[in-house]
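Chains B and P, in that order, give the protein sequences.
Sequential numbering from 1 applies to the first sequence in our numbering.
Sequential numbering from 324 applies to the second sequence in our numbering.
Hints are computed from structural coordinates only; laboratory data are not their basis.
These numbers were taken from a predicted model, which means no experiment stands behind them.
A couple of the hints might just be wrong.
[Said to hold, decoys possible] Derived coverage of chain B by chain P (criterion: at least 3 residues anywhere in the stretch with Cβ under 8 Å from a Cβ of chain P; other residues may be distant): (1) 125-132; (2) 177-191; (3) 299-311.
[Said to hold, decoys possible] Taking lysine-lysine and the DSS-like style, the derived pairs with C-alpha atoms no more than 25 Å apart in a straight line are: (4) P:K599 / P:K574; (5) P:K369 / P:K347; (6) P:K347 / B:K137; (7) P:K552 / P:K593; (8) B:K46 / B:K23; (9) B:K23 / P:K460; (10) B:K279 / B:K251; (11) P:K552 / P:K599; (12) B:K251 / B:K270; (13) P:K574 / P:K593; (14) B:K137 / P:K346; (15) B:K229 / B:K46; (16) B:K137 / P:K593; (17) B:K24 / P:K460; (18) B:K229 / B:K276.
Using N, Cα and C, we set each Cβ at its ideal position, and we do this for glycine too.
2 protein chains.
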Amino acid sequence: MISTTSLFTPVDPDLRILTDNLKKLIGARHPILGAAAEHLFSAGGKRVRPAVVLLVSRATMLEREITPRHRRLAEITEMIHTASLVHDDVVDEADLRRNVPTVNSLFDNRIAVLAGDFLFAQSSWYLANLDNLEVVKLLSEVIRDFAEGEILQGLSRYNSDLSIEQYLEKSYYKTASLIANSAKAAGLLSEVASEVADSLYDYGRYLGLAFQIVDDIFDFTGSTEVLGKPVGSDLASGHITAPVLYALEEKPYLETLIEREFSEEGDLEKALTIIKESKGIERARQLATAHAQMALQSITCLTPSPSAQALKDLTDYVLSRLY
Amino acid sequence: MISTTSLFTPVDPDLRILTDNLKKLIGARHPILGAAAEHLFSAGGKRVRPAVVLLVSRATMLEREITPRHRRLAEITEMIHTASLVHDDVVDEADLRRNVPTVNSLFDNRIAVLAGDFLFAQSSWYLANLDNLEVVKLLSEVIRDFAEGEILQGLSRYNSDLSIEQYLEKSYYKTASLIANSAKAAGLLSEVASEVADSLYDYGRYLGLAFQIVDDIFDFTGSTEVLGKPVGSDLASGHITAPVLYALEEKPYLETLIEREFSEEGDLEKALTIIKESKGIERARQLATAHAQMALQSITCLTPSPSAQALKDLTDYVLSRLY
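Based on the provided sequences and hints, a complete structural model is requested.
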């Protein structure tokens with residue numbers, strides 16, 4: 001398995017600057033949020049989103065140095081992502097994320113709502129000050145998509161009638177929109193041609209969907225240790241994902257278990273066994289692979305460079321996490 | 324006492340369109356938020372903020388009809404205001420606002436965080452689509468100021484060392500920033516000269532501060548019925564406002580009560596009596612009056628029109644609520 005660290009070599013120094021900036025940005029001005037900020041930005045996140053922005057920036061600037069605006073865009077991307085996680089955890093009443101206590105559990109809902117609002121607000125403000133209306137539109141679309149995704153997710157809990165298309169739509173809102181729109185925005189800051197900007201958007205969209213599908217497979221195949229939460233947690237909360245949807249086509253009894261929200265003793269265990277014995281996980285893997293390949297094909301237009309290569313390798317890395 | 328209804332006559336039809344639009348905007352697309360939206364936008368709010376935007380729009384367009392962008396700005400203003408109230412009520416764990424149950428008490432924190440996020444997100448998106456970078460910057464400043472205000476408020480609870488300047492700064496973030504920046508933005512959409520835009524900002528700033536000071540006086544002079552919450556609620560939660568700060572200059576014992584957070588039997592009642600017997604309320608009234616007068620003086624530059632007159636009358640109305 002490739003580590004993300006080696007993948008991100010072309011932007012390693014950039015990512016270190018980014019982490020420092022993010023901590024300073026919040027902690028220094030507001031002691032009340034300082035502890036939360038330290039916690040949020042040190043939590044060993046993989047920094048995939050800002051890394052993609054920085055790699056796209058370097059891959060499109062080539063010989064030219066990337067600008068402070070490219071860096072600021074990467075920071076905005078990570079701020080929006082973090083803000084959405086903090087509010088998600090309030091909404092889901094989650095205590096742990098990747099084995100680390102959430103802000104709402106460590107502090108309380110009050111601080112978590114404030115910290116999320118502050119991050120969203122700060123990112124809107126930085127965004128406006130990038131002085132590029134098209135970039136403002138792309139990223140404000142993302143913030144809207146997050147809210148939309150959370151609502152769709154709420155509406156589709158324990159809904160076994162969900163289609164694969166609806167599942168992908170929800171995953172786009174939740175995960176792919178940020179990667180797609182910020183990759184395109186990085187291209188726009190480098191003043192690429194509009195076809196290239198659209199290809200970067202497609203790359204981010206397919207990559208983001210592949211990431212989400214793989215994450216959803218992990219809910220069934222991961223270990224509690226790696227997941228930082230019990231196997232089947234997402235299913236238990238009613239999140240109907242690709243492996244479940246494919247399994248439902250083969251095993252109608254699964255529907256009964258879902259519709260009664262696993263309310264009877266042993267329901268969840270039965271559902272997990274059914275899904276593992278079905279072709280659901282294998283078919284979800286194929287879906288992830290198809291999306292990763294489409295991501296790769298989207299950026300054949302990029303001039304070869306270490307950063308362009310890293311973006312390509314990232315499509316392999318997503319899948320390598322499955323094996 | 325003048326009613327706001329007659330004050331807003333020049334924009335009455337505009338305000339009706341606005342209310343309909345706001346309800347449609349949220350309810351139609353998301354049944355899960357429909358009930359919350361109906362509740363939020365029917366709650367009999369005074370619509371002061373969008374009314375100011377619409378009055379400034381008409382006062383600066385004069386013979387010309389106001390544009391869809393002016394209307395959209397008024398909607399954005401009310402959405403940002405409502406979003407901030409919804410999250411405030413989660414942060415403050417409030418059950419009632421103006422005698423109406425809050426979203427967090429009627430539904431739960433989950434729906435309240437989501438509804439607030441959706442409103443902020445929707446307003447950012449509409450904002451970006453006004454296609455005016457200067458307006459985007461002004462309103463994103465407001466969103467940031469709200470978060471800042473909430474944090475300052477948290478930091479200054481039960482802090483009797485607060486200065487009047489710090490109190491006014493906090494009130495600017497919480498209340499005046501939205502009115503000031505949206506009034507200026509409305510002027511910019513009408514393409515007024517930059518001195519006029521700055522005067523509109525000053526008007527909104529002084530008017531907003533006067534409003535907040537008057538609201539803070541009501542915590543001591545209002546009836547539970549009118550306030551929709553018990554007299555002295557803000558003080559009990561540790562909000563140190565103008566009447567309290569002035570009273571502290573005369574009555575040092577008040578400091579003891581505040582510092583121990585009214586933890587002993589009868590502390591709050593003692594504090595309320597001390598404040599009422601001091602010159603605190605009268606001096607806070609003078610502070611509000613001075614701000615209302617500065618608001619009035621800021622817009623002497625406007626060409627006479629029914630809308631300009633309504634903006635001027637509004638500075639009287641703020642104070643008339645006190646008598």
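Each hint tested on the structure:
1. Only residues whose beta carbon comes within less than 8 Å of a beta carbon in chain P count, and the region 125-132 of chain B has 5; three or more means the coverage holds.
2. Only residues whose beta carbon comes within less than 8 Å of a beta carbon in chain P count, and the region 177-191 of chain B has 0; fewer than three means the coverage is violated.
3. For the region 299-311 of chain B, the proposed coverage by chain P is not satisfied: 0 residues have a C-beta within less than 8 Å of a C-beta in that chain, short of the threshold of three.
4. Between K599 (chain P) and K574 (chain P) the CA atoms are separated by roughly 11 Å; this keeps the pair inside 25 Å, and the hint holds.
5. The straight-line distance between the Cα atoms of K369 (chain P) and K347 (chain P) is roughly 19 Å, inside the 25 Å bound, and the hint therefore holds.
6. For the suggested pair K347 (chain P) and K137 (chain B), the alpha carbons sit about 22 Å apart, so the restraint of at most 25 Å is met.
7. With a CA separation close to 19 Å, the supplied pair K552 (chain P) and K593 (chain P) stays within the 25 Å bound.
8. Distance hint between K46 (chain B) and K23 (chain B) is fulfilled; the C-alpha atoms sit about 16 Å from each other, no more than 25 Å.
9. In summary, the hint linking K23 (chain B) to K460 (chain P) is supported, as the alpha carbons are separated by about 24 Å, within the 25 Å threshold.
10. Annotation: proposed proximity of K279 (chain B) to K251 (chain B) holds, straight-line Cα distance about 10 Å (limit 25 Å).
11. Taken as a hint, the K552 (chain P) and K599 (chain P) pair is honoured in the structure, with Cα atoms around 18 Å apart against an allowance of 25 Å.
12. For the proposed pair K251 (chain B) and K270 (chain B), the alpha carbon gap of about 12 Å is at most 25 Å, so the pair holds.
13. With a C-alpha separation of about 12 Å, the suggested pairing of K574 (chain P) with K593 (chain P) holds against the 25 Å cut-off.
14. The suggested pairing of K137 (chain B) with K346 (chain P) holds, with an alpha-carbon distance near 24 Å, which does not exceed 25 Å.
15. For a cut-off of 25 Å, the pair hint linking K229 (chain B) to K46 (chain B) stands: about 18 Å separates their Cα positions.
16. Note on K137 (chain B) and K593 (chain P): the hinted pairing is violated, with a Cα-Cα distance of about 54 Å set against a maximum of 25 Å.
17. Proposed proximity of K24 (chain B) and K460 (chain P) is supported: the alpha carbons are some 23 Å apart, at most 25 Å.
18. A threshold of 25 Å between alpha carbons decides the hint, and for K229 (chain B) with K276 (chain B) the separation of about 18 Å falls inside it, so the pair holds.
Violated hints, listed in ascending order, are 2, 3, 16; each of the other numbered hints is respected by the structure.
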